[in-house]
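There are 2 protein chains.
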Amino acid sequence: MTSNPGMSSHCCLWITLILLSASVATAHNLDDVEIPKLRMSRPEFLQDSASTVQASVAKDFVTFFYNQTLDHFNYRPESYTAFNQRYVVNSKYWGGSDSLAPIFAFLGAEAPIDGDIANAGFLTDNAPKFGALLVYIEHRFYGESIPYGMTLDKAIGDADTRGYFSSAQALADYAETLIYLKQKLKAKHSPIIVFGGSYGGMLASWFRLKYPHVALGALASSAPILYFDDIVPQDAYFSVVAKGFLESSSSCHQTIRRSWKEIDRVASEPHGLTKLSKTFKTCSPLQSSSELKKYLKFLYASAAQYNDPSTQPMKLMCDAINGASPGVGLLRKIFAGLVAISGNLTCYVNSPASGTFAQTLLGWSWQTCSEMVIPIGITRNTMFPPKPFNLNSFSNACKSKFGVAPRPHWVTTYFGGHDIKLILQRFASNIIFSNGLQDPYSSGGVLKNISSTVVAIYTTKGSHTLDILGAKESDPDWLVEQRKTEVEIMKRWLATYYADLRASRN
Amino acid sequence: MTSNPGMSSHCCLWITLILLSASVATAHNLDDVEIPKLRMSRPEFLQDSASTVQASVAKDFVTFFYNQTLDHFNYRPESYTAFNQRYVVNSKYWGGSDSLAPIFAFLGAEAPIDGDIANAGFLTDNAPKFGALLVYIEHRFYGESIPYGMTLDKAIGDADTRGYFSSAQALADYAETLIYLKQKLKAKHSPIIVFGGSYGGMLASWFRLKYPHVALGALASSAPILYFDDIVPQDAYFSVVAKGFLESSSSCHQTIRRSWKEIDRVASEPHGLTKLSKTFKTCSPLQSSSELKKYLKFLYASAAQYNDPSTQPMKLMCDAINGASPGVGLLRKIFAGLVAISGNLTCYVNSPASGTFAQTLLGWSWQTCSEMVIPIGITRNTMFPPKPFNLNSFSNACKSKFGVAPRPHWVTTYFGGHDIKLILQRFASNIIFSNGLQDPYSSGGVLKNISSTVVAIYTTKGSHTLDILGAKESDPDWLVEQRKTEVEIMKRWLATYYADLRASRN
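Residue numbers (this note's numbering), protein chains in the order written: chain A, 462 to 967; chain B, 462 to 967.
The reader is advised that the hints may include incorrect statements.
Stated by the list, open to error - Label-pair distances were calculated between CB atoms; the ranges are:
hint	chain 1	residue 1	chain 2	residue 2	range
1	B	M611	A	N857	42 to 48 Å
2	A	D621	B	W939	52 to 58 Å
3	A	L908	B	K945	41 to 47 Å
4	B	P849	A	M611	42 to 48 Å
Hints listed in this document are in silico derivations from the structure and should not be mistaken for laboratory results. Here a beta-carbon is modelled for each residue, glycine too, at the ideal position from N, C-alpha and C.
Turn these sequences into a full structure, and let the hints guide you.
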């Protein structure tokens with residue numbers, strides 16, 4: 462038991478993410494698969510420190526390690542190897558097991574758990590009124606929860622070791638840890654609600670589906686569980702990005718739309734790449750125009766995905782793009798937009814990656830190459846030039862990088878997704894799928910109520926996982942209302958549960 | 462594609478099962494863990510040929526093989542190794558995909574699938590009225606579905622290979638095979654109902670819980686899903702056996718109860734084991750009195766478990782025990798009971814194992830030693846001498862035999878079971894838990910309705926998996942009624958599904 466040291470840690474260097482994404486790619490074109498990252502944490506330049514849990518409450522968080530099974534579904538001798546899985550408990554608000562007070566369990570995703578503790582203010586904000594124990598469990602292979610005590614580099618580098626890195630294993634980890642925790646707390650009948658955002662939101666909803674005996678309900682924030690196979694069109698994600706920019710400013714949208722050809726035109730000139738490198742003040746000379754285009758594309762995507770009301774990155778970019786002196790060229794305008802949301806840096810575009818984010822990027826590249834195959838592509842000429850997602854190329858690139866091909870149908874085989882209303886309206890209960898429609902990933906989310914207790918709570922103006930961030934003074938009414946609705950729904954789950962429990966004892 | 466050759470195969474040499482159970486045990490006492498086998502198929506001496514699917518319809522069954530993934534939850538290169546999984550299709554009665562006619566999928570258990578095709582007459586009996594396609598899928602590691610094309614002996618003998626032999630993998634196999642089959646048949650919206658008996662019944666209910674997007678409902682016949690951990694008392698099984706014999710005949714019950722000491726007494730005399738061997742006409746000389754006692758105990762257990770109305774083995778035994786000449790000794794009476802249900806054989810008790818049953822026994826010994834830890838024991842002096850189940854001894858024996866200890870809590874971790882009504886009354890739907898209360902395994906079954914669509918359908922006089930055997934002229938009314946109720950429930954599932962499907966298309 463050690464006090465948790467991670468409260469002040471930062472994560473999410475979005476810019477370096479994009480860069481590293483390029484650097485880990487291989488000549489076999491994994492680089493070309495431009496799937497936006499699926500994370501709750503804001504890129505650093507889009508973070509609002511007011512929304513993170515303050516370091517002053519860090520002392521309430523206590524770190525533990527659970528002796529976790531390496532492979533839950535296999536009985537080879539190697540599968541029995543245990544590893545330390547980190548989980549962090551905050552019992553300050555807990556009403557205790559005697560009063561059957563609930564447990565809020567935050568399911569870690571593709572990053573060390575520290576960032577979630579800092580960012581998922583919804584839990585700390587609401588724990589007092591629920592008398593809830595808070596527990597945050599780190600996802601295997603991230604942070605301090607890597608099998609064999611390896612570094613992630615080493616674990617991912619080993620073909621056998623990375624084999625244990627899968628979502629089904631992670632969910633079983635959470636089940637074991639939570640069952641153990643309840644035993645330890647002698648809290649057999651304290652109901653557990655699981656929380657997660659983005660990939661973690663998918664895990665939360667899947668956890669309720671697969672382990673209803675462990676979790677009473679799930680708040681799955683911005684969980685694009687339908688962005689698999691052919692359930693939603695591959696264009697869905699970037700259509701929302703384009704729509705966001707168009708609504709933000711049609712001239713801005715036009716400028717961006719026209720910029721791609723201009724970049725290519727300049728690049729094709731003598732010393733074109735040098736000119737582009739200069740215009741965009743790149744940290745190192747550009748190797749290709751696509752390096753720049755890819756970076757910009759991800760910047761627009763992240764501005765849309767994390768278009769929080771407090772930071773409004775899309776407006777920030779468009780104001781700068783539109784506000785640039787009429788005389789400057791098209792690319793200077795784009796650069797002004799880039800600077801507007803990046804802040805004043807010594808250089809841009811291809812700065813080296815650093816910190817825990819490299820870990821996220823490396824881990825997620827394996828996860829997308831094994832099972833989390835999210836087919837985002839662009840087939841039509843919109844704000845972005847076409848770049849279709851091609852499963853064959855993607856598979857080949859993964860195979861070339863990791864030796865094994867992805868299993869693109871596994872997620873829908875194990876978790877479902879097709880005809881979700883038809884399937885789940887008479888099966889399952891107590892899941893909130895929350896979304897903000899400005900978030901491009903909402904296009905793969907559940908946006909219609911499935912039943913009276915499997916519900917879609919979305920806001921038109923919300924961004925990625927906005928609802929489970931901490932409340933702020935400046936929050937708009939629609940966000941306050943969304944969170945309030947979620948709290949009311951969870952209260953109903955609990956009231957029904959306690960009534961059922963009493964009935965079962967009579 | 463080959464026509465199915467297995468229709469006339471027999472299985473279930475109960476006597477040899479018991480014997481083999483002794484022979485595979487180690488000096489470390491696995492032998493002493495007397496857990497009755499969990500099978501749908503009757504011991505050969507209790508089979509009624511009228512209840513099996515006739516060989517004349519064998520031509521309607523066509524065998525296929527699916528290229529199955531070795532490990533669904535792990536991405537090591539080895540996990541990608543595929544193996545042939547056998548499944549058998551009968552499309553004679555199918556209404557076809559255009560009419561969205563249903564698919565009845567029988568989930569194989571711990572035996573080659575041939576026996577299930579022959580025994581699960583409920584499917585062939587009812588397929589015509591449902592217009593149902595029938596598919597029977599063999600459980601991995603049994604029959605012709607063994608990874609690496611190995612024999613089971615070899616597969617179980619290899620510590621790595623047997624590691625892939627688990628229930629979660631088997632369920633994922635069924636999901637993949639059924640999804641594939643529906644694609645092949647272009648029958649995306651044909652609803653699937655899964656069936657299984659005994660261990661296969663557990664698989665059927667678990668399949669509906671884990672893969673509701675693949676199976677619309679499950680008929681889980683005699684599935685003791687609550688006989689794990691400490692959910693039901695370890696005495697439950699043999700209490701039902703004792704109750705059955707007591708109700709059959711209290712003098713018979715008394716005779717059996719008194720026989721154990723008598724066996725020990727004789728065994729302790731000079732040449733006592735030789736005397737016992739002679740009295741019971743054993744196939745080879747007894748090595749200990751416990752060899753005989755264990756055999757008899759399993760014989761009583763099987764008589765109770767498979768106390769079908771057509772064969773009535775408990776009555777058969779008790780009539781013989783009670784009807785023996787008053788002058789003969791206690792053990793002659795017991796022997797008369799043994800002969801009554803075994804038939805006239807050249808020898809008894811310890812005949813050598815043969816056929817596919819050795820496979821079942823070997824496979825199931827691994828399954829119980831890895832995850833299917835069913836703690837059946839006797840702590841009180843009833844009709845049987847006490848023989849408590851001791852988890853530590855069991856674990857040690859398994860470890861000694863297989864190198865790894867069982868995971869006795871895994872089944873409840875993954876599938877649940879504690880507080881089942883509390884958990885599932887507002888989660889899950891469309892499961893029939895059918896039981897016959899004469900079956901000792903019914904003590905670990907679900908005997909109360911959990912919700913309006915997760916229901917318990919039991920009969921007071923029924924035996925193990927009786928309802929999914931084929932209908933017979935001689936069937937008592939309560940059995941006809943039970944099956945009729947099950948059919949009506951499944952019709953309602955389908956009607957609701959078709960209505961939901963129509964609504965989803967409007």
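Hints, verified against the model:
Roughly 32 Å separates the CB atoms of M611 of chain B and N857 of chain A, a value that falls outside the hinted 42 to 48 Å. Look at D621 of chain A against W939 of chain B: about 55 Å separates their beta carbons, and that is inside 52 to 58 Å. At roughly 43 Å, the beta-carbon separation of L908 of chain A and K945 of chain B lies within the given 41 to 47 Å, and the hint holds. P849 of chain B and M611 of chain A have their C-beta atoms about 43 Å apart, which keeps the hinted 42 to 48 Å range intact.
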